[in-house]
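There are 2 protein chains.
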Amino acid sequence: MIFTPPYYVVVFVSQRTEQDIAAYDAMAEKMVAGAQKVDGFLGFDSVRDQTGKGITTSYWRDEQAIQSWKINLEHQEAQKLGQKRWYEYYDLHIAKVERAYSKS
Amino acid sequence: MIFTPPYYVVVFVSQRTEQDIAAYDAMAEKMVAGAQKVDGFLGFDSVRDQTGKGITTSYWRDEQAIQSWKINLEHQEAQKLGQKRWYEYYDLHIAKVERAYSKS
Numbered sequence: 001m002i003f004t005p006p007y008y009v010v011v012f013v014s015q016r017t018e019q020d021i022a023a024y025d026a027m028a029e030k031m032v033a034g035a036q037k038v039d040g041f042l043g044f045d046s047v048r049d050q051t052g053k054g055i056t057t058s059y060w061r062d063e064q065a066i067q068s069w070k071i072n073l074e075h076q077e078a079q080k081l082g083q084k085r086w087y088e089y090y091d092l093h094i095a096k097v098e099r100a101y102s103k104s
Numbered sequence: 001m002i003f004t005p006p007y008y009v010v011v012f013v014s015q016r017t018e019q020d021i022a023a024y025d026a027m028a029e030k031m032v033a034g035a036q037k038v039d040g041f042l043g044f045d046s047v048r049d050q051t052g053k054g055i056t057t058s059y060w061r062d063e064q065a066i067q068s069w070k071i072n073l074e075h076q077e078a079q080k081l082g083q084k085r086w087y088e089y090y091d092l093h094i095a096k097v098e099r100a101y102s103k104s
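If you read the sequences in order, they're chains Z and D.
So that you can map any letter, position 96 of the first sequence is 96 in my numbering, and since no number is skipped, the others follow by simple counting.
So that you can map any letter, position 94 of the second sequence is 94 in my numbering, and since no number is skipped, the others follow by simple counting.
Hints are computed from structural coordinates only; laboratory data are not their basis.
Incorrect hints may have been included.
Same chains, same label: a pair holds when it works inside one copy or across any pair of copies.
Unchecked claim - List of simulated lysine-lysine pairs, DSS-like, C-alpha gap at most 25 angstroms:
1) Lys-84 to Lys-96
2) Lys-70 to Lys-96
3) Lys-30 to Lys-53
4) Lys-84 to Lys-70
5) Lys-30 to Lys-103
6) Lys-84 to Lys-103
7) Lys-103 to Lys-70
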């Protein structure tokens, strides 16, 4: 999925630990449902391979929409668990999309 | 890996076909080697899952570096094969990174 620029992309690159896989999956589903309720959430793509490395890219209308999701209480709980338990490492890049192309 | 903003991220989301997997893997390796020679290439992350969905995020100093790689002749050959043969679909988002965070 692409959108008409300008919009924002949040790139989340992460390495999962082996801990709590069922709890993690349940939380991940809850987070998708939560993000979808945020005004200005446009969509996301997500891939994780067998080694546990994952990239999730979420798309947002503007910075305010990203901020609303960042401070969401359920999301903050998930962020704490992510830092403590679920991710060996992660990187976040917040970027403004200037151009987008697609081939279908 | 994160860098000190501002820099650029190119988000490439794709669905692989089942065709030519060995040739594709060889080409992918060549493309990584080629991109690494471009002045202004900073690094990349790449994940593909068992369904063939992949996300590759590459990081660049500026738009000129992205442009140099876009018009590279070997890369243009690869782009043609990608469109014709290797990808069912793909999306490209070119974005300027404003903030970046990491947990290691």
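Against the structure, the hints:
1. For a Cα distance limit of 25 angstroms, the shortest separation of Lys-84 from Lys-96 qualifies neither inside one copy, at 29 angstroms, nor across copies, at 30 angstroms.
2. Within a single copy, Lys-70 and Lys-96 get their C-alpha atoms as close as 17 angstroms, and across copies as close as 20 angstroms, so both meet the 25 angstroms cut-off.
3. Proximity of Lys-30 and Lys-53 under a CA criterion of 25 angstroms is satisfied in both settings, with 20 angstroms inside one chain copy and 22 angstroms between copies.
4. Taking CA atoms no more than 25 angstroms apart as the test, Lys-84 paired with Lys-70 passes inside one copy only; the shortest distance there is 17 angstroms, against 40 angstroms between copies.
5. In this assembly of identical chains, the alpha carbons of Lys-30 and Lys-103 lie at most 25 angstroms apart only when taken from different copies (22 angstroms versus 31 angstroms within one copy).
6. With identical chains, the CA atoms of Lys-84 and Lys-103 are at most 25 angstroms apart between copies only, with a shortest distance of 10 angstroms across copies and 39 angstroms within one.
7. Within a single copy, Lys-103 and Lys-70 get their C-alpha atoms only as close as 31 angstroms, which misses the 25 angstroms cut-off; across copies the closest is 16 angstroms, which meets it.
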